[in-house]
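Enquirer: Below are the chains, spelled out letter by letter.
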Amino acid sequence: MKLRLKIAGLTFLGVVIIVLGRLFYWQIIRGEELQASARNQYMSGSRILAKRGSVLSSGGEWLVSSADSFLMYVQLTEITEDARVIANKLAPLLVDDPDDGDYQDKKESLLQKAMDLEAALLREDVVWLPLARKLNSETKRNIEALSIRGIGFDLEEARVYPEASSSAHVLGFVGKSDEGRDQGYFGLEGYYDLLLSGTNGYLERESSAIGMPLLTGEERGTSALGGVNLITHINKSIQLLIERRLINGIERYEAVSGNVIVIDPETGGIIAMAAYPSYDPGKYFEYGDVYFKNPIISDAFEPGSIFKPVIMAAGLDSGEVEPETKCEICDKPLKIDKYEIGTWNNEYHSDSTMAEVIQHSDNVGMAFVGQKLGADRMYDYLSNFGFGGLTDIDLQGEASPKIRERGKWGDVDVATASFGQGIAVTPIQMVMAIAAIARDGVTITPQVVDKLSQGDWEEDIEPKIGERVISEKAANEITQMMVVAASEGEAKWTADVKLRVAGKTGTAQIPVAGHYDSEKTIASFVGFAPYDKPKFVMLVTLREPKSSPWASETAAPLWYGIAKEMMRYLD
Amino acid sequence: MRLRNTKVEGEQKKSNVVRRLTMLLGGIAGVLVVVTVVVSVNYASKGSELMMVEREISKLTTENSEVEEQIVKLTSVSNLVEGIEETGFIDPEKIEYLSSDLAWGQGIIAKLP
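In the order they appear, the protein sequences are chains A and B.
Everything in the first sequence is counted per my numbering, starting at 1 for the first residue and increasing by one.
Everything in the second sequence is counted per my numbering, starting at 1001 for the first residue and increasing by one.
Just so you know, these hints were derived from the structure itself, not from any lab.
Hints may be right or wrong, so weigh each one.
[As the list claims (entries may be wrong)] No more than 20 Å apart at the CA atoms, straight line, and that leaves these computed lysine to aspartate or glutamate pairs for EDC-like:
id, chain 1, residue 1, chain 2, residue 2
1, A, Lys-140, B, Glu-1068
2, A, Lys-283, B, Glu-1085
3, A, Lys-51, B, Glu-1011
4, B, Lys-1046, A, Asp-116
5, A, Lys-473, A, Glu-553
6, A, Lys-134, A, Asp-116
7, A, Lys-520, A, Glu-553
8, B, Lys-1046, A, Glu-219
9, A, Lys-338, A, Asp-289
10, A, Lys-326, A, Asp-299
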């Protein structure tokens, strides 16, 4: 009896030890792993997408907005139908613009799509595979109606561009980061990416096997915080106008490329900005990197004669010259070292006044002003006008060419810079320098975004007024010279006196491998109107126009054409 | 004999107390089981309702997003201009701007008789 009791006791003890051992193994050694596994079974988690902010024009119209889109995936272990059958069902719904192109093209693209899908569905090295991105709700519904087992959808976000490729260089685009999340690149999307993105939320809670939430269970999460909307200074009508006119101008004057920028000198707000060639931000992946860069804020060019008002303004402000000062060296070409500086048309006007120097766009007269200013003072004025540094425009991708260091300017550098050669600027720097003249001598920072808003909250971005670079008197004097240059200069044939324009043409040669190309030019016209109370400052630049190399016959008429039509949209 | 009777009565009383206690505990357990089942069913149905409401919210959010997308696309000025041109409207070829100092009635602008 005692023996049987002992055996039973030992057996019981052994069982207890084994049970405790297993419990130790499951609870302590593999406890964390199993807890996590269990949580995965009864906890369901979901990400709450934060809607990316919209970009709006000054009138509140959308320039870009966000919409739901879907990623279609396949769970390869769950499909029950033949891969080819599924591919043939899906392909017609996934081919872009099935109504476009001829029958043969459509047939080929359908076949290709079906083959790609079939190849994806036959893969054996993965269990989950994305099949298509950025599908709209209608396509999703059509695919769901096919009831294909194993096919699922994840909510994503897509950008909607109501004007297609319009404002591409201003807006930038939304692509993917290295981690696969949406990220803005270039323009406003890049510059304000953090504000536009918002913060995604999440919801994690206990749920039943069929996904039904358990009210007594644990629940945690945060709500999504949507991105901020950007209300810009862009006037949509003017934006579309300059884009249409620019493309027409490039075709008419057979130019390689061109750009137009219009700003409000009072606020520094960018009213419109267009560069061509451009790209479609909704299909950015179909374009090369070269198209994404905004040439207005990142490409340097030698400005030529449109630079003359800046140097003349410096000369007038310094007191070295007056409007009636006579040029003592304007009767013949100017020789500096081994270089000879002549006028653009080989006509020389002895004793020209400074006003006439600007009117005739006289290179020798400008070299005279440059010599009076001297290298260091010229450098200081140019720096104060903003050349050689970033303008701090709120667009991603701004770059600035360097100007020669102070103290390292030779006589010939001073002379050539005086008429816009041997110095590189960006279009945005150039237009902001002229804006300073239009603003009676005070600089201002260019701004694309006027206000930030989200729901009922709105924050105004105040204009950033800069320093005074020239006196009001000097600004008025150079303005009067530009008025005469516009109405009596080379572009007078196209001028419209009723617009009361202060402007200047510029035909710059293009430096190629240490010398200037004899045939290719960059034609520009910069100006503002009305000159006594400017509503806009505009720069038009055409690269390598072939119908005529001269700005007075290309950029100037394009400028006036835009200005005349634009006045309809300005108060 | 009396002592024996007293002992039997005591055992009967004890047995009755145990029986009543067992019945009471059983009753309480039964009520608790019923309450648990009722509450569980109630929560399950609420969970189901919550799931339905969430599905409805999701559906409405999707519809809202689709409508907003349509509105955004319909505000396209480019499409509007295209439509206008198709209906025969054209841009004015010559625009005359009158400066503010050209007041009405100074003879520059024709007056009605």
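Enquirer: When the structure is checked against the list of hints, which entries are broken? Sort them ascending.
Expert: When the structure is compared with the hints, numbers 2, 3, 4, 5, 9, 10 turn out to be violated.
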